[in-house]
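Undergrad: Spelled out from the first residue to the last, the chains are:
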Amino acid sequence: MDFEEPNARPVSHEFLAVVLAGFGDQLDPLTSDHGGDPCPKALLPVANRPMIDFPLTWLEQSGITEVLLICPTAHRTSISHHIHSDTSSSSYPSLHVDVQTYDESPDEPVGTCFVLKHFSSRIQRDFVILPCDFIPPEDLPLSLLLNKYRVESNWDGAIITSCWLKAHGVDKSTVPEEWGQMRSSVPILWDKKSGTLLHIDTADDYDRNSDELEIRMSLLSRYPVASLSSQYTDSHVYVCKRSILDVLHHKSMFDSFREEFLPWLCKIQYQNSRQGKYGLALKSMTTKEAHALALRHSTLFGGSTLAQDSSWRNYGSPSLKPVTFSVPSSPTRPDVEPLTGLKIGIVVHGSVFSGRVNNIATLLEVNRQVLSRTSYTPPTDPDNRALIDAKSQISSDSMIGSSTKIGERATIKCSVIGRHCVIGKMSRIAGCVLLDHCVIEDGAKLEGCILGRNTRVGPKAELVRSLTQAGYDVEAGGEFATIRNEKLEVSDWTAGPEGRGFGEMSSGDESDNE
Amino acid sequence: MSSNSQPQHKPRTPSLLLQANGPSQNDPPPTGAPTKSQKQMTKAERREVQERQRAAKAAKVTASGPQSGGPLAKPQHPSSSTSSQPKKTGRGSESPVQSRASTAAGSSGLPNKSTKESKAAAATAEEDAAVRSRGLRIFSHFALQKPTGHIAKGNVHPAIVRLGLMFAEFKICGANARCIATLSVFKRVIQDYTTPPNNTLSRHLMTHLSVQISHLVSARPMSVTMGNAIRQLKMEISGSDIDLPEQDAKDALCGKIDNYIRDRIIIADQVIQETAMRKIHDGDVVLTYARSSVVQKVLLEAWAGGTRFSVIVVDSRPMLEGKRLLSALVSAAIPCTYLLLPALGSVISEVSIVLIGAHSIHSNGAVFSRAGTALVAMMAKQHAIPVVVCCETYKFSEGVRLDSFTKNELAPSGDSFSCFPRNRSPASLIIQNQLNLEILNPLYDLTPPCSITAVVTEAGVIPPDSISSIPLALGRSV
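Protein sequences, first through last, are from chains Z and B.
In this text, residue positions in the first sequence follow this note's numbering: the first is 386, and each later residue adds one.
In this text, residue positions in the second sequence follow this note's numbering: the first is -8, and each later residue adds one.
One or more hints might be untrue.
Covered stretches of chain B (in silico footprint by chain Z; criterion: 3 or more residues with CB under 8 Å from a CB of chain Z, positions within the stretch not fixed) [what the hints assert, rightly or not]: (1) 151 to 157; (2) 161 to 170; (3) 309 to 315; (4) 444 to 456.
Okay, derived cross-link-like pairs now, EDC-like style, lysine to aspartate or glutamate, Cα gap no bigger than 16 Å in a straight line [what the hints assert, rightly or not]: (5) 533(Z) / 160(B); (6) 652(Z) / 589(Z); (7) 578(Z) / 160(B); (8) 845(Z) / 827(Z); (9) 830(Z) / 860(Z); (10) 398(B) / 436(B).
Which chain B residues stay away from chain Z? Per the calculated CB distances, all over 10 Å, these [to be verified]: (11) 208; (12) 245; (13) 389.
Calculated directly from the structure, the hints in this document are not laboratory data.
All C-beta atoms in this analysis are idealised placements derived from N, C-alpha and C, irrespective of residue type, glycine included.
Generate the whole structure from the sequences, applying the supplied hints.
TA: Here it is, written out as structure tokens:
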């Protein structure tokens, strides 16, 4: 018998996906420990699917198979268990996920740059950086970004391709201020025709000069037709060339990739001094030379427009003045020195994106968006069905997890309820997100809240726009006033029998946000 | 013609319009009557009927898909058997049956409400089908299905994926460029390749390469140059020694690829440059069309050699490759004139020689080149101006090509069709495919041998008809 082995060595994979799972400081009570077990941000469910599911399925669809997942040491077991477990809901058959840890504590958040530097030895090819809290819009496939990078790395010398999505409109008043800003867009300058990102206005630039946007003339002379907008937010998805990591090692003071390194890299495109210093490190000889000869023979290559060709300036005669005005622009905008240029590509996508799910407001908003796209149908499984009382009123824009028991006369509107929850009789839940295993006793009223895992809400309690940490126990309501705009955290052992009002509770914004 | 039509035809056309309203004729299709009506209707009327039938077909497919799949299937079979008769009559008889079947299905088995819904759906679907553009009516075989959306199937090397993208987006364009790019990438593929156990390099590498080649072909149809080069490569692979260790065999193959590029393209270009240079004299006006890498080299070399001539660059949309040639020539300080193809007639009388490049050249002497070359050659010939084609021998294709319609491609769109109004950006002036407008830009055309005076190859200057004797003369098979 002859066992035909398939071609043993697979084709070398093009990209490595680096998924960064942080602590989630801004999602604070939800990501704090549940009695010793960590609640990683990556596993926080959005519409009853763990958050990390979304970028990983997105990766699968685009054909990338190698994933390097970096998470804090404390979260390693839970995340690794989730990813490598065999249950069908959380397995990614074509992905090969390598979970690596980085020592980090919630008090000192570590920027992306440090993490990348630390793991640069494991990253040996072009890579894609993805945050774990990115919910990709449905009409944006990752292969769009990858194709743009593939073409441009040979054509223009692209070193990064980034993706910017239209920011959600500022939506006041539904959430308290301190739960975080949904929109965090920065003004950017980019060239539409060639898809080049030219300038990002960072917070430092804003501090330095809040009235004006400072742009270099060399930028404008290279890209005279540029677009400026402040409507886009960075998706933090970057397709990068390997040589970036070498440059990163030189720049040890950079902490955040998005806020410091990327704007710095944008400046390399037109600042000749920086190009001189870092240009060689960034250009990898193989991709250029592979096609240098072919590109020289290509008919649509080379030949800058007459206005931009520097040798033109030697000819002063008026007949040689740029005649581009009467000539329509050519189909492909010629690139300035394409064989030696560096470029930060940008893909601007129009679909509305509420931001990465890294603060509470966005979490609520994203859940709401998912709910608006789905509609509730009672579960077909008879066991599950039996748990949901017929007399309960569940609006069609809610989502109920499996094995959740809903008592009679319960009213659920526009909410996401996790698995294995118990909702008592006569309770009213509107616009909330309940994670798994919550217990809501009879008569409770919840509005606009997010309850962590295993929260227990006592009978007749009222919670408006509050958050609870996993495992919190809300006392029964009644003579106490409703809890409003508060983040309820389980203090270790300092809380006395009075329950609320102790420990690390932070009372919310008192301004009336209704 | 329409006055001769028998009275039964008149109600027939309105009945097709009423197809959505209800079954008006339930009798079996009279195949005799449609035959006469088809022949006697004018062409326009026939086309109209055909359109309506096509729309009805689309409506039937979209509207009554799941519901009436069963009852529809049966009436379709007899209709398809009757339509095995001459095509025209078959089309005429088939679609009334189908339309009647759809209405029959719509009205028979379903309650009134859903009939109305299906009718309404059929009506909107009909509109949709009409609204949706049907693609090109003629030369629809020029267009390629959009390939870049899909993920590469099979074991495609990432460099091939990138190359496919560059081809599809016309970043690498031109026969020589594509061939060089393909061969360079194949070198990488060969170097990254490992022979699986129980297999030999010579046999398995071919199948491995075929996967890559089919990916490239799906991005953009293969050029003749690529085909010739790949055929040569396959011959080398099959001829490689089995006993050689793998790395040596791979290095030998890469060396052969390098030699091919060097001999058949680079050095051939140099020989062509020297030969064609001698055709250009001081004071000549050289006309060239679009951009050929060889012609560009010839002109630059001739200028560098001291001959003082001037160049007229003729260009055409949508590619506007002549602009690139223009800037390359101008940066070498060659005096140039630039004009678009329609203006050729005004300058042709001043031209002394026409130099054009080729995508491929066929055994009957026909030259397949960028669309517009045939016009230039024909005009020059009319004015008794020598037309010289600069072409390497590896562009020779064995077949005989008589027209440019059987195999061609569409040029990428993207040029603005008007400069005015100036206050709008050029990007917004681009004409796109619209409701009633399909843009057809063939990429290549065929210059017949009668318009060509001579072909300059690295084997010498030959008349176009004797291309096929070159391989024999050089002792090669290709």
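Undergrad: Hints first: check each against the structure and report whether it holds.
TA: Now the hints, each set against the structure:
Remark: the stretch 151 to 157 of chain B is confirmed as covered by chain Z, as 4 of its residues place a Cβ nearer than 8 Å to a Cβ of that chain, reaching the required three. For the stretch 161 to 170 of chain B, the proposed coverage by chain Z is satisfied: 8 residues have a C-beta within less than 8 Å of a C-beta in that chain, meeting the threshold of three. For the stretch 309 to 315 of chain B, the stated coverage by chain Z is satisfied: 6 residues place a CB nearer than 8 Å to a CB of that chain, which reaches the threshold of 3. With 0 residues carrying a beta carbon less than 8 Å from a beta carbon of chain Z, the stretch 444 to 456 of chain B misses the three-residue requirement, and the given coverage is violated.
The hinted pair formed by residue 533(Z) and residue 160(B) meets the criterion: a straight-line CA distance of about 11 Å does not exceed 16 Å. Pair hint residue 652(Z) plus residue 589(Z) holds up; C-alpha atoms about 15 Å apart against a cutoff of 16 Å. For the hint pairing residue 578(Z) with residue 160(B), the CA-to-CA distance comes to about 14 Å; that is within 16 Å, so the pair holds. Annotation: proposed proximity of residue 845(Z) to residue 827(Z) holds, straight-line Cα distance about 6 Å (limit 16 Å).
Distance restraint check for residue 830(Z) and residue 860(Z): the Cα-Cα separation of roughly 13 Å lies within the 16 Å cut-off, and the hinted pair is therefore satisfied. Taking the CA atoms of residue 398(B) and residue 436(B), the gap is about 10 Å. The hint holds against a cut of 16 Å. Every CB of chain Z is more than 10 Å from the CB of residue 208(B) (nearest about 18 Å), matching its label as outside the interface. In this structure residue 245(B) is separated from chain Z by more than 10 Å, as the shortest Cβ-Cβ distance comes to about 13 Å.
Against the 10 Å criterion, residue 389(B) stays outside the reach of chain Z, whose nearest CB is about 24 Å from its own CB.
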